[in-house]
Amino acid sequence: MKVLLMKITLRATWVHSLKEKRMVVKSIIQKLKNKFNISVAEVDKQDIHQMIVIGIAGICGSSAQLDSTMENVINFTECNTDAEIIDIQKEDIRNI
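Quick note: the sequence shown, position 60, residue 60 per the UniProt record's numbering, numbers continuous.
Worth flagging that the hints you see were computed from the coordinates, not collected in a lab. None of the values given here were measured: they were computed from a predicted structure. Do not take every clue at face value.
Unchecked claim - With a straight-line cut-off of 30 Å between C-alpha atoms, the simulated DSBU-like cross-links for lysine-lysine are:
no. : residue 1 : residue 2
1   : Lys2      : Lys19
2   : Lys7      : Lys19
3   : Lys31     : Lys7
4   : Lys35     : Lys7
5   : Lys90     : Lys33
6   : Lys35     : Lys45
7   : Lys33     : Lys19
8   : Lys90     : Lys26
9   : Lys7      : Lys33
As the list claims (entries may be wrong) - Each pair of labels, with its calculated beta carbon distance range:
no. : residue 1 : residue 2 : range
10  : Ser63     : Lys35     : 17 to 23 Å
11  : Arg11     : Gly61     : 19 to 25 Å
12  : Asp82     : Gly55     : 33 to 39 Å
Idealized CB from N, CA, C, for every residue including glycine.
Assemble the whole structure, with the sequences as input and the hints as a guide.
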């Protein structure tokens, strides 16, 4: 069993209120949960309008599945939001 841990930081330059940010965050979180069956939450910078930091956790059966899921999550995030990805932190715990 492998554990996937990621933190993705996005910048949404067009967002000018926390209400607008909340709409963007809710949308991408729900899309990721539905597509990949992973746990996703906003984990940092909640009070900064244009910065979005989401944390992702998931369980994979193999290292190959873990690597594939990481890449698919990143690609899906890029394609399904207008926000720009500015940082990705990946950590995997390979043998649990």
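Hint numbers not upheld by this structure, sorted from lowest to highest = 1, 11, 12
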